[in-house]
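So the sequence lines, in the order shown, correspond to chains Y, C, L and W.
Note that this note's numbering has the first sequence beginning at 1, numbered continuously upward.
Note that this note's numbering has the second sequence beginning at 1001, numbered continuously upward.
Note that this note's numbering has the third sequence beginning at 2001, numbered continuously upward.
Note that this note's numbering has the fourth sequence beginning at 3001, numbered continuously upward.
Some hints here could point you the wrong way.
[Unchecked claim] A few chain Y residues that don't get close to chain W, going by computed Cβ distances all over 10 Å: (1) Gly17; (2) Ile107; (3) Leu135.
[Unchecked claim] In silico BS3-like pairs for lysine-lysine, Cα to Cα no more than 25 Å straight-line: (4) W/Lys3597 x W/Lys3579; (5) W/Lys3665 x C/Lys1088; (6) C/Lys1028 x W/Lys3579; (7) C/Lys1088 x L/Lys2126; (8) W/Lys3665 x Y/Lys23; (9) L/Lys2066 x Y/Lys23; (10) C/Lys1088 x Y/Lys23; (11) Y/Lys23 x C/Lys1028; (12) C/Lys1100 x Y/Lys23; (13) C/Lys1100 x W/Lys3665; (14) L/Lys2126 x Y/Lys23; (15) C/Lys1088 x C/Lys1100; (16) Y/Lys23 x L/Lys2056.
[Stated by the list, open to error] What the simulated footprint calls covered on chain L by chain Y, stretch by stretch (three residues with Cβ under 8 Å from a Cβ of chain Y suffice, anywhere in the stretch; the number is not a length): (17) 2060-2069; (18) 2096-2107; (19) 2121-2133.
These aren't lab readings, by the way, just hints derived from the structure by calculation.
Owing to the predicted nature of the structure, the values given are computational and were not obtained by experimental measurement.
For each residue, glycine too, the CB sits at the ideal point set by N, CA and C.
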Amino acid sequence: MILLFYLFSFFIVASSGAILFVKNIVHCAFLLMITMLSISGIFILAGADFLAIAQIMIYIGGILILILFGIMLTQRNNINQVPISNFRTSITSILIIGLVFTMLITIIFKLDSESLINQRQELIASSSISQIGFLLMTQNLIAFELIGILLMVALMGAAMIAAQFQDKPIHANSSHE
Amino acid sequence: MNEIPTTYFLFLAAFLFSIGLAIVISKKNIILILMGIELMLNAGNINLVVFSRSDTSMIQGQLLALFVLIIAAIEASIALALVVLIYKHFNTLELDELNKYKN
Amino acid sequence: MIALLIILPSILLFVVIGVWAERKISAFVQDRYGPMEIGYYGIFQTIADLLKMLQKEDILPTKADKPLFLIAPIIIFTSIFAGYAVLPISPDIIGSSAKVGVFYMLTIISLDVVGLLMAGWGSNNKFAIIGAIRAVAQIISYEIPLTLSVLSVVMICQTLDLQEISYQQGIWINWNATSNLEANYLFGIKALNIDTTQIGGIFTWNIFRFPLLMVSFIIFFIASLAEANRAPFDLPEAESELVGGYHTEYSGFRWGLFMLAEYAMMLLVAFMGAILFLGSWNTPFPNIGSLALANWTSGSPGTFLGNIVGFSWLLIKTLLIVYLQMLIRWTYPRLRVDQLMHLCWKILTPIALGIVFIASIWRLMMI
Amino acid sequence: MNLSNHTIFIIATLNLVLPLISFFILIFFAKKIARKGDWLGTAFLGINVLLSVILLLDLKFSSITNQQFLFPMDWFSLGSNSFRISFLINNISILMLIMVNTISFLVHLYSIEYMKGKRNYERYFPYLGIFTFAMIGIVLSNNLLLTFMFWELVGFSSYLLIGFWFDKEAAVKASKKAFLFNRIGDIGFLLALLIIYINFHSFEIEEIKKGFSLSFQNHALPLWISLAGLGFFAACVGKSAQFPLQIWLPDAMEGPTPVSALIHAATMVAAGVYLMIKVNFLLSPEVKIFIAFTGATTAFIGAVPALFQNDIKKVLAYSTISQLGYMVMGIGFESYLPSFFHLITHAFFKACLFLSVGAIIHAMHHIKHDLFLSGDYYDFDAQDMRYMGGFYKKMPIAFIAFIFSSFALIGIPLFSGALSKEILLETSLQWAQANAKNGAIFFYMIPILAYSTLLITTVYMFRQIFLIFFNKFRLAEIDPKAENIFNKLKENHWLINIPLLLLTLFSSFIVYSYNPLDASKGWLLQWIGNGQLATHFSIIPLLLIVSGVLIALYRKKALLNNLEYFKIHKNSNTPNFIKSIRNDWNMDALYYHTLVKSGFTVSHWISKIDSRILDRLINFIAVVNVIFAHLLHWIDRYIIDGILNLIIRVTKLTGYIARSIQSGKLQNYIVFLFAFIALIFIIIYYSSEA
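With the rest of the complex left out, here is chain Y (with noise of 0.2 Å):
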């Protein structure tokens, strides 16, 4: 279990910190596709066995496949050519985020360890999915059919807009700029 554990986390910590120097932009999508998988691993390994799934479901069957069509739709003059970000902004950025991982890291050493025992250990063993599906149906119902409106106008919002681009003749070619 634990075993699992580290060999998640080592493809999580890998792929995800080889995004950050990787240059070229699929292969970057395809790290993010490794992170999350492993990412849902890390979720069945905390007994969420139905997040892990609508994990891989959406982030990889929909999230990232939409990535991956918006870079072929955008890259395609310049396929491997991602400028590398200059000197100042990588020491600012290192210097942030050393500032935020060590504020992360001190407030979890901070944290009592008491009220972060597992109790739900009997739970975990059999599946989360009957009581979410339950939660979703009682306690979280306006929730859930909010977000479903939200989701279908979101997707027909994306189709105006991508209709839009559709209808314009492909003028902006380097030609007029």
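Using the hints, position chains C, L and W against chain Y.
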């Protein structure tokens, strides 16, 4: 079944969050920044799921994480549609380039 | 572990036989012989082809994105093979009896999509990328009716666990239960008051528990064809337009992996169809009074016989579906892209949605 | 014929509104309408005449005697006070209405021919319309404030019409003079209105009457009310050209002749008298005596200059002043009905006089025009009687009209003036007798002035008749060519003659009374006054008239001889006092020397004080100010500005720093966001630690 300590997950999430933040701050491509944002959201999700283990009766953490997932999907769909549109208009996705069109 | 040991060889075997069967079926459809030379009725033709293929040079295009190009076929095959993990192949043998089995199966297909994109992009070939994009668009679109039709089954069965779904469709419905015994009724309607729990057979299959699932099964079948990029939905690899689609640049063993993945996918969706709609590993024969055909044609779970018989029934059903897939491939013309989308969004999806809706009401009549 | 109240109200309102409509139509669209819309205005007035005749008949033959209709309506509300206005229709106002409408209509008709081809023709008829509207407003209104408004409107339209030929300097000056003199009276009106409102909280005459009878039934009138009455009388003095404000009226003759006929003879000047009749209950006995004296004085003072006038219209103007004096005198005697009666008769015969004189002037203008066409331009005054003569043969209708109406003016029996004037003269004598009982002989001054005015009137009217109609055409003596033209002169157009003939009819006794010698039994006085006046015909006026005629005949040669001097010397050897009398007793000069000059002197001194003392003081203050300002400037420049500049610099610096943060780059914002989160965390962390 030896239980994985909660703090391990938290460390992982903190790391993931920092990486996401780093990507958001340092990268210049909009799509990469989006990826960074997704990573940060995932870090949050890990925390939610893990804290949900300490919840005796409910699994509110998991529910919230589920909603976060859906919101992330919405955000990504809209954002990528916009990205495509931006690319069509300016023929670039580099923030520094786009900054020229600010005015 | 047993499941892996059974499934992996059987997939390989299936591919070998499947390719031969395909050729034979196409020959049958086109009223010719097909491969006849090697082995009895050319049964070893595929093995010969396989040997030839393995000897081929593994070509890596210069401008290709090397890591993506190399990893893509592996990811595709792995993801599809991962789908077999939750497949119950007999009352006892299952890779992982995950509670979210159906969901997992559907999810795995998304991973396949990523692999396709990697292959298309990595080849740095315009046929490949167009093929990949077509494939992805098609797969993502047909995931909707597929998922909806599966969802209607889930509505009736009230579980995502494939093994549990399997148990529900036969006489062993209460095998594992210690309390609150479940019961099956004719057409799932309790009001009819015809208890089919011990009759079993075809009467307890899902398409009988909720007859509209027959329609749902057809939708599932059509969508699964599209998911597997099979004709008449083989636009991503339409030879006349795109040469070889996303695997244009592949050769040798890696091309073999694609082939393997395709047939594995066929088999996987066929398994799924059989499990979800056609009673899984349950016998089709019902107990009619003292003529206990169901009991006679299925061993009780936990016994060796039971597993063997169950696996046989499942395999028969699955192979029938595969046969149907192949027959369709060689009889139906390919769809245009707009027809493809029209079929998906304007015909299948609304019907599937309607069935989900009705299923949710039907379920209320079952309890 | 009994019309319902509603119908009467509608007819009255129509009467009021029709001229206004004609005004609005003509002022905006006259140029676009055929004949510049003269027919439209005339037609509207014709309808008005018909309507007022209907009203008259209705009232005259209604079963109720002395019927009156009051039409109150709410005008506007101020707070809780709703302000009401009302129309009053009784026998007096209906007679006024008939008079105003008829004369206005006839003048309209007359003007169509008389004003034909004159410049600004399109403006003439709208002006007449607005004047008629205002006049009818005064007649109908039973509300003092409303009356005042119409009163001012009358003054304004009179101003417009006097200055109708605004390119003539004299006309402009005359119009201004008339306007300003009217204002003096109007101040009295306004003050009176204020007093009335303070005392009675209303402008409604009916309500004032009610309040008045409640408060002062058997008491002497308080001073305030007397003053109010005096104020109204001041308004009357201004409008009706009473002494000492009468001098605007002769100058007003600069307006077109029909206008003079309508406004400065018949209607507007009568408004003052009409107002006095309306508010007579406010007049205290002292005020009445004052009014009587003023009226008598005006009658006399107006009559004398007429003796010496050469301008054909000015004679009539002075006679108007004189006759108005009679009316006002009548008010002073409390004999309102005779005054009103005289007002009516005077209106008709004076209009007739003016119109017939207008016919003569029209002819003279023709002659002047033809002379100009024959190439011999000779600039002479077409209104100067000394050039006229012998017109009776050429223009018999004008002659008859003039003779009849002048006889009416003099008061010769059988003519309308005799009926009304007789009563006034008689009353003056009775009044003097009544007042002089206590030995106050000076009250006899009034009958003496009145009777002597009668004599003078006879003389100047006969003089005018001689000058215009008899003898020979004197212009021909100066310019022989005029003889031919004069001989070819024809009778005037029927549009001029028909009004003349109609007015001539109205100048005869028959319209007012069947008894030519006693009007008190006539229908008019019977109707309006219930025949309470018991007057008898006396011989004195008749004797005076006969002697006046004799004097005129005797002095005929002398009067005509005047012309010989005129031919050569042009007025040179006229005695000074006659000159001064001719110039209205030199009152213009008097006003100039007393009021204007003293005003100038005072203002001169004031300006001296201004420049010597005030200016220096101000200069000194200014210098001090400048010094102070310099000081302030220094403070401003170096201290306040310095602080301000410091603030600006600091702000600039801050802004520069802040701007560098606000780069518009999202990533920078995120950096700052997290940096600050970390900062806050550190602060909280270490503070909780400690």
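Each hint, compared with the structure:
| no. | hint | in the structure |
| --- | --- | --- |
| 1 | Gly17 | 19 Å, holds |
| 2 | Ile107 | 8 Å, violated |
| 3 | Leu135 | 32 Å, holds |
| 4 | W/Lys3597 x W/Lys3579 | 22 Å, holds |
| 5 | W/Lys3665 x C/Lys1088 | 21 Å, holds |
| 6 | C/Lys1028 x W/Lys3579 | 110 Å, violated |
| 7 | C/Lys1088 x L/Lys2126 | 21 Å, holds |
| 8 | W/Lys3665 x Y/Lys23 | 22 Å, holds |
| 9 | L/Lys2066 x Y/Lys23 | 15 Å, holds |
| 10 | C/Lys1088 x Y/Lys23 | 23 Å, holds |
| 11 | Y/Lys23 x C/Lys1028 | 11 Å, holds |
| 12 | C/Lys1100 x Y/Lys23 | 23 Å, holds |
| 13 | C/Lys1100 x W/Lys3665 | 11 Å, holds |
| 14 | L/Lys2126 x Y/Lys23 | 23 Å, holds |
| 15 | C/Lys1088 x C/Lys1100 | 16 Å, holds |
| 16 | Y/Lys23 x L/Lys2056 | 34 Å, violated |
| 17 | 2060-2069 | holds (count 3) |
| 18 | 2096-2107 | holds (count 7) |
| 19 | 2121-2133 | holds (count 3) |
The earlier numbered hints that this structure contradicts are 2, 6 and 16.
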